[in-house]
Amino acid sequence: MTGWVAIAGLGPGAEALVTPEVTATLADATDVVGYIPYVARVAERPGLTLHASDNRVEVDRARHALQMAAEGRRVVVVSSGDPGVFAMAAAVFEALEAGAPDWRDLEIRVLPGITAMLAASARAGAPLGHDFCAINLSDNLKPWALIEKRLRLAAEADFAMAFYNPRSKARPEGFARVLEVLRAACGDDRPVIFARAVSTPEEKLTVVPLTEARPEMADMRTVVLVGSSLTRVLRAGDRPLVYTPRSAPE
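If you use numbering that gives the first Met the number 0, the sequence shown corresponds to residues 0 to 249, in order.
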């Protein structure tokens with residue numbers, strides 16, 4: 000087959016954080032497929048067709064991309080951040096597994112990008128400097144009971160944590176429950192970082208102790224980082240620097 004699919008991460012927002020590999024692949028594409036705001040970040044040009052679609056149709060979007068590639072098109076499926084972190088790479092492979100047998104003969108590449116949690120961590124200092132975990136707080140594709148279980152176990156293991164999709168208009172109560180679980184499980188004043196729209200003109204970074212964290216500090220453009228019991232906050236001029244030491248006591 001002459002067509003191919005590349006699943007690309009556009010990074011957290013700033014054009015400077017899109018990798019050269021992704022830029023070069025977009026320049027060679029005939030079609031770009033993705034969620035409406037992500038496709039809007041790709042510049043129009045002759046010979047390129049943009050296929051924007053709404054949220055929650057990830058597998059349909061992936062099937063469309065694979066079918067176009069099977070017809071000889073050069074297709075880039077775009078995600079924000081990294082496509083393998085709560086994004087389109089898994090959706091494409093789900094569609095591939097259930098789809099037409101000849102799709103498996105396609106060239107399929109996953110092009111990494113800078114995730115929101117890594118961009119947020121870099122802005123704050125190094126809060127993910129030791130063991131950490133990432134949890135998607137949306138219950139669209141998994142039950143809320145499983146989210147709470149993972150929260151408690153992560154706190155028990157003393158991981159630093161990164162939370163995606165913390166609070167939406169459709170489910171504003173979920174993040175309030177997350178904070179309740181963390182306060183009960185952690186029992187300390189570890190730092191919480193609310194990193195909104197990192198690398199864009201709307202960027203805002205707020206660092207507060209867990210006892211002062213409030214649900215309304217987060218929305219769907221916010222990544223929330225929670226330190227471990229070892230995470231420290233240093234003052235450097237007028238800004239806090241948050242880091243987790245590379246070692247842990249025996």
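Keep in mind that the hints are not guaranteed to be accurate.
As the list claims (entries may be wrong) - Result set (EDC-like, lysine to aspartate or glutamate): computed pairs, CA atoms no more than 16 Å apart in a straight line: (1) K168 x D237; (2) K168 x E201; (3) K203 x E179; (4) K148 x E179; (5) K168 x D218; (6) K168 x E179; (7) K203 x D187; (8) K148 x D138.
To be clear, the hints were calculated from the coordinates, so they are not data collected in a lab.
Just pull the numbers of the violated hints for me, sorted ascending.
Violated hints: 1, 2, 3, 6 and 7; rest satisfied.
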